[in-house]
Amino acid sequence: MKDVTNLSLSLVTPPAFRLNTGQKLGLTTAVLGVVLLLLALFGVHFPSPGAFLALSLGLMAAGGVWYARAAYDHDPAGIRNNGVWHRNLTARGAFAWGLGIVLTALYILLYWFPQYLGLGQDGAANTGLIALFDPLCMALEGNAASQWFVYGTLYTVAILVMGYKFIRKYRNNRYQVIRTISVMFFQLGFAFLLPEILLGLNKPYNDFKNMWPLNYYFFEGWHIKELIGNGTLGLFMLVWGVLMILLISPVLTWFYGKRWYCSWVCGCGGLAETAGDPFRHLSDKRVKAWRIERWMIHGVLVFATAMTIAVLYGVLDQAKGAYLITKAHLVWGVTGIFVLLAAFLFLRPKYFKNLAPVAKWIALGVAALLLVFLWTAYLKGSSRVFFMNPEPLRKWYGFLIGSAFSGVIGVGFYPLMGSRVWCRFGCPMAAILGIQQKFLSRFRIITNGGQCISCGNCSAYCEMGIDVRAYAQKGQDVVRASCVGCGICAAVCPRGVLRLENSAADVSERAGELRALRISESGVTVVR
Amino acid sequence: MRIAIIGNGISGITAARTIRKRSNADIVVISAETDYFFSRTALMYVYMGHLRFEDTQPYEPWFWEKNRIELLRNWVDRVDFANKSIQFATGKMAYDKLILAAGSKSNRFGWPGQDLRRVSGLYSCQDLEKMESYSHDLRHAVIVGGGLIGIEMAEMFRSRGIGVTFLVREAGYWDMVLPPEESEMVGRHIREHGIDLRLNAELREIVDDGQGRACAVITNSGERIDCQYVGLTAGVSPNVDFLRETDLEIGKGILVNEFLETNIPDVYAIGDCAQLREPRPGRKPIEAVWYTGRMMGETVAYTLTGRKTAYDPGVWFNSAKFLDIEYQVYGEVPVQPGEGQAALYWEHPDGKRSIRIVYEQASGAVIGFNLMGVRFRHEVCDRWIRTKTPVEEVLQNLGAANFDPEFYRQFESALVDVYNRQSGKSVTLKKRRGMRL
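In order, the protein sequence lines correspond to chains A and B.
In short: position in the first sequence from 1, add 800, done, that's my numbering.
In short: position in the second sequence from 1, add 460, done, that's my numbering.
If you're looking for bench data, these hints aren't it; they were derived computationally from the structure.
As the structure is a computational prediction, the values presented were derived from the model and not from experiment.
Derived lysine-lysine pairs resembling DSSO-like cross-links, with alpha carbons at most 30 Å apart:
#1 B/K712 <-> B/K744
#2 B/K712 <-> B/K781
#3 B/K891 <-> B/K781
#4 A/K1153 <-> B/K481
#5 B/K768 <-> A/K1274
#6 B/K481 <-> A/K1150
#7 A/K1088 <-> B/K526
#8 B/K781 <-> B/K590
#9 A/K1088 <-> B/K481
#10 A/K1274 <-> B/K744
#11 B/K781 <-> A/K1274
#12 A/K1160 <-> B/K526
#13 B/K526 <-> A/K1274
#14 B/K848 <-> A/K1274
#15 A/K1160 <-> A/K1088
#16 B/K481 <-> A/K1160
#17 B/K526 <-> A/K1153
#18 B/K565 <-> A/K1274
#19 A/K1274 <-> B/K481
#20 A/K1274 <-> B/K891
#21 B/K557 <-> A/K1274
#22 A/K1025 <-> A/K1009
Chain B residues, not near chain A, derived (Cβ > 12 Å throughout):
#23 R462
#24 G570
#25 P640
#26 G672
#27 P745
#28 Q801
#29 E853
Just so you know, even glycine gets a beta-carbon here, dropped at the ideal spot from N, CA and C.
Build out the structure end to end from the sequences listed, making use of the hints.
Given below as structure tokens:
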């Protein structure tokens, strides 16, 4: 028998799955915009950088819009993933590898070799690509551009243009349209414009929607100093940042699940949902991948927590009482939070029915270990929590997690491993929100009685690699730490089986008992 | 004890899994079609490039070994019921209990040319491979038979830009099941997708191109339509030919009682290939759908593991997707309301969404829901029908049945308005979406 599993590897892509003329023209227009950037990168000096940047961004935007309209508008509204597994770019073909390599290389330049992008060294003026962005940066914040300004601008353009494409594709689904407008708004307003305007007013850079531990430098000495040195506004930013992680995000996650952040607000999520949408099906759905995911993401969370504690301890040790908060406050505060969490775990077991005992003991063990280190340092009067200078810890975290994982692998590997590699395996913020979502949230995906036909579209298009079908075909609620609530499973389901829902009705029973087609004494019924 | 199951579709596999949950018996599942269980309803998505074939398999390969369900890839020639032995081309296998879950085959009504190359149905994995192999130079296809598989096949070809002529014998698409408004809605939508829908059109013959391949069809009006492929999708019938001329009693399908037992002891039949001797009132003896196959699989597993259980399919439900329009049905929705029945129908101005509720005029009890482009909750509709809830109570609480995604517009009040106009009453909607009953 011929091997049907290899249909997608047939040498010839069926003609209908190739691009139509409008798509080709749109793509060409967008590529022209990219070519202008490449010319700048390779040293072509444009007479009027501002005009050429505008031309380049304009071409990319116009090309993207053109492409999207050509791709979707001539068909009736409806989600069609036609040819996704036949097209070279979206089926891990040569184009996908090429794109992956180019993206990865760009991230490596961005993080570690910005001089090759044209960043002026030792006070010299910018050249190349970065110089092209100088006029825009000057207009917004009054400075010459940095590699981060270039990156932020292109990132925002990508979310806006690909967000438009996403909206055209999913236009029959209001949840998707509204959610995408939200990520576009938060990227443009909160991640790009507002921080730039703050810089222009000589205020500290601040992305109000970003929070520790995604924003892992929040508690570092230079950042705290910068905020404290900036009067009421700086203080507000400091208090806001602490409130975000301790109060605002748990409350919002209780009501809406982690989706309020991960697929509605977050910048990483925003790029994954828009530019990453063509690659969402590439996430690994195997149980094995899930096992790796749990170790990795929680490992990063422990790393981030330990690093932050050590760094903050060092900062407060050096401050010697100059701040309102002292070393003693930190030690007691951290101890208090851990004890409270542990107490909650034991005193409210109804929320933790789905927690494996081994996971519980590992979590308690790690927390205890961190406390032992912290108290040892405190009681000995040492300035080092883990018997070491926090600086290398901080540096390695920034290098391994902050740069290599979230950027290089997180985006560079979109075309090979799907759009949520970072969010699924590495993001410590996602880890915290995920723990809250699994045990302390009203959010879940419910299944519609016995209507599932096990087709597998939900699992295939889950960017987080959740095997949604495994739940749906049993009629079981999906309650998973990693679910970002993008709603695509419910959108692509051909039988209308899945629904995202916030309900307090049975919040401690979620996913406990199967809601499945089962046989009772009275016959076959749908039981709850 | 060795339980042999012929067929690795949803019925056979559900039986195997449920038996394993309840017993330690040896389980062997035999199939000539594929190594692993896959979702038959998802074959279309492989052709359209939404899924890889392995994505249609709900369980990873290690699952079967872990759960000690032996999978045997082989073709069953015949079954020797007297000696409890399954005969393959090479060798044979003994069993203690046998579950027949052999599924269906596509109907062919003796049309001239039906056995030519470039003619096939769409049921098995091999059918899909055939379609794929004919597709590279396919410009136009003719599909014969206006049911659920026909429209799926049309969608598949359209996804690759292949022209489709869709011959439907009836005066409206699937109009022996769908009421006229819904049938018309789907018909409009089919044409919107660029499919050449021909109603009242039948196949007379398939034309040979001289090399044993189909090159055109002739319809009942004598028209010749050139094509490079003919899809035969005029329904399916039980796949039981390999069991004929044995002691097994067979009608159209394998005859079974309410415990899914055949006339031969220790032999059971489930799914598409089974024919109930006494179906429940209002139900058909053969219901070749995914859901009944799954329920039969669970039921027979209980009986085989010491808890004799009668097959009770509960309130009828089904679902499909006509191109972009989702369809759900709960309970009984006749094409025209029967004696003493009334129907309430609302259709959105865009002509792609509708809600229909059928109820008894005298008692007001609801008996069926038909939804197009709107999702309703299975549990809620099922309960309303089982408890014979009066239509006015249903209308007041209609939001409880709404299963559409968040932020979707809600149409319950529009349906209530229709009812009030029809009846002259003033029922008001009390419950909106998202509030559980």
